[in-house]
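Undergrad: Full structure from sequences and hints, please.
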Amino acid sequence: KVQSTEASNAIEGIVTTNTRIRQLVAEKTTPRNRDEQEIAGYRDVLNLIHENFDAIPITQNYILQLHKIFYSHMNNPMAGRTKNVQNYISATYPDGHVDTLFTPLASYETPEALDRICEEYNRVIGNMEVEPLIVITVFIHDFLCIHPFNDGNGRMSRLLTTLLLYRSGFYVGKYISLEAKIAKNKDLYYDVLRQAQIGWHEGTENVVPFIKYLLEIILSACKDFADRFALVETKLPALETVRRATMEKVGRFTKQDIRELCPSLSISSIEGALRKLVAAGELKREGVGKNICYYRLK
Numbered sequence: 016k017v018q019s020t021e022a023s024n025a026i027e028g029i030v031t032t033n034t035r036i037r038q039l040v041a042e043k044t045t046p047r048n049r050d051e052q053e054i055a056g057y058r059d060v061l062n063l064i065h066e067n068f069d070a071i072p073i074t075q076n077y078i079l080q081l082h083k084i085f086y087s088h089m090n091n092p093m094a095g096r097t098k099n100v101q102n103y104i105s106a107t108y109p110d111g112h113v114d115t116l117f118t119p120l121a122s123y124e125t126p127e128a129l130d131r132i133c134e135e136y137n138r139v140i141g142n143m144e145v146e147p148l149i150v151i152t153v154f155i156h157d158f159l160c161i162h163p164f165n166d167g168n169g170r171m172s173r174l175l176t177t178l179l180l181y182r183s184g185f186y187v188g189k190y191i192s193l194e195a196k197i198a199k200n201k202d203l204y205y206d207v208l209r210q211a212q213i214g215w216h217e218g219t220e221n222v223v224p225f226i227k228y229l230l231e232i233i234l235s236a237c238k239d240f241a242d243r244f245a246l247v248e249t250k251l252p253a254l255e256t257v258r259r260a261t262m263e264k265v266g267r268f269t270k271q272d273i274r275e276l277c278p279s280l281s282i283s284s285i286e287g288a289l290r291k292l293v294a295a296g297e298l299k300r301e302g303v304g305k306n307i308c309y310y311r312l313k
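Sequential numbering of the sequence shown, starting at 16, is according to my numbering.
Simulated from the structure, these hints should not be mistaken for lab results. Among the hints, erroneous ones may be present.
[Stated by the list, open to error] With a straight-line Cα cutoff of 30 Å, these simulated DSSO-like cross-link-like pairs (lysine-lysine) come out: (1) LYS189 / LYS270; (2) LYS264 / LYS238; (3) LYS199 / LYS264; (4) LYS270 / LYS238; (5) LYS291 / LYS264; (6) LYS264 / LYS305.
[As the list claims (entries may be wrong)] Listed next, with one range per pair, are the computed distances between beta-carbon atoms: (7) GLU255 / VAL223: 37 to 47 Å; (8) MET262 / ILE149: 51 to 61 Å; (9) ARG47 / PRO72: 31 to 41 Å.
Where a beta carbon is used, it is the ideal one built from N, C-alpha and C, also for glycine.
TA: Given below as C-alpha cells:
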C-alpha cells in the first residue's frame with residue numbers, strides 16, 4: 016500500500032518524505048499540507064478497495080463516491096462531482112516543460128459518457144464476451160479520454176484499475192505495486208496513452224498500444240510475485256535468501272529492491288545479510304545514506 020500510494024501520487028508530482036508517507040499510510044499521523052491531504056485521500060480509497068472491492072459496483076455514482084472520499088481531507092468543492100470546466104491531459108517532464116497530449120470531452124458531455132462506459136463495461140463483463148483484462152484496459156482508456164474530474168483523473172484511473180482487477184479475480188496488486196511499475200517509466204505511460212487517444216473522438220482510435228502496455232505491467236507484477244513466492248517457499252536462512260535475491264537483479268540495486276523480493280524478512284535481517292555479502296566480497300556497496308546501492312562482484 017505504501018508503494019502504491021507513494022508512486023501513484025508521485026506520477027502527478029505529489030510527494031512527501033519516505034517517513035511521512037509510511038506514517039500517513041499506517042494512519043499514524045495527520046496530513047500537514049495539501050500534498051499530504053491528497054496522499055491520505057488516496058490511502059483511504061485504496062484501503063476501501065482492498066477491503067470491500069466486491070461491494071463496489073462499477074457505476075458513475077460509486078465512482079463519484081470514491082472521488083469524494085479521495086478529497087475528503089481537504090476543502091474541494093468539486094469532490095465527488097464531474098468537471099465543470101474543460102480540462103486537458105498533459106505531461107510534465109523533469110526539465111519543467113508541459114505537453115498537452117489530448118483534449119478530453121467537454122464538461123457537459125461528461126456525465127452521460129461516464130454512464131455509458133460503465134454500462135458497456137458491465138454488459139461485456141456480464142456476458143463474458145471478451146477477456147476481462149482487455150475489457151478493463153479499454154474501460155480505463157475510455158475513462159482517461161473522458162477525464163471526468165477537474166483534478167485527480169490519473170490517480171482515480173489507477174485506483175479503478177486495481178478495483179476492476181480485484182473484481183475480476185486478479186489480486187496481484189495486493190502484493191506487487193502496479194503504480195510503482197508505471198511510475199518507473201512515466202514517459203512510456205504518457206507515450207502509449209497519447210498513441211491510443213489519437214482519433215478517440217472520431218471512434219477511429221487504436222487502443223492496442225495501451226492494452227499491450229497495461230498487460231505488460233500486470234504480467235511483470237505477476238512475475239515479481241512468483242519470484243517472491245519462490246523465495247518465501249524455500250524457507251532458507253536470511254543470508255541465502257538475500258543472496259538469491261541479489262542474483263535476480265541486473266546491475267545496481269538498492270536495499271528496497273531486495274526487500275521487495277524478500278517480504279518474509281525484516282529490514283534488519285536484510286541489512287545484516289547485505290553487510291555479510293559485502294564483507295565476503297560477493298557484493299560491492301556504493302554511495303551513502305539514501306543513495307546506497309549494491310552490485311554483484313561474482
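Undergrad: A separate judgement is required for each hint: does it hold in the structure or not?
TA: Hints versus structure:
{"no.": "1", "hint": "LYS189 / LYS270", "result": "holds (21 Å)"}
{"no.": "2", "hint": "LYS264 / LYS238", "result": "holds (13 Å)"}
{"no.": "3", "hint": "LYS199 / LYS264", "result": "holds (16 Å)"}
{"no.": "4", "hint": "LYS270 / LYS238", "result": "holds (20 Å)"}
{"no.": "5", "hint": "LYS291 / LYS264", "result": "holds (18 Å)"}
{"no.": "6", "hint": "LYS264 / LYS305", "result": "holds (19 Å)"}
{"no.": "7", "hint": "GLU255 / VAL223: 37 to 47 Å", "result": "holds (43 Å)"}
{"no.": "8", "hint": "MET262 / ILE149: 51 to 61 Å", "result": "violated (35 Å)"}
{"no.": "9", "hint": "ARG47 / PRO72: 31 to 41 Å", "result": "holds (35 Å)"}
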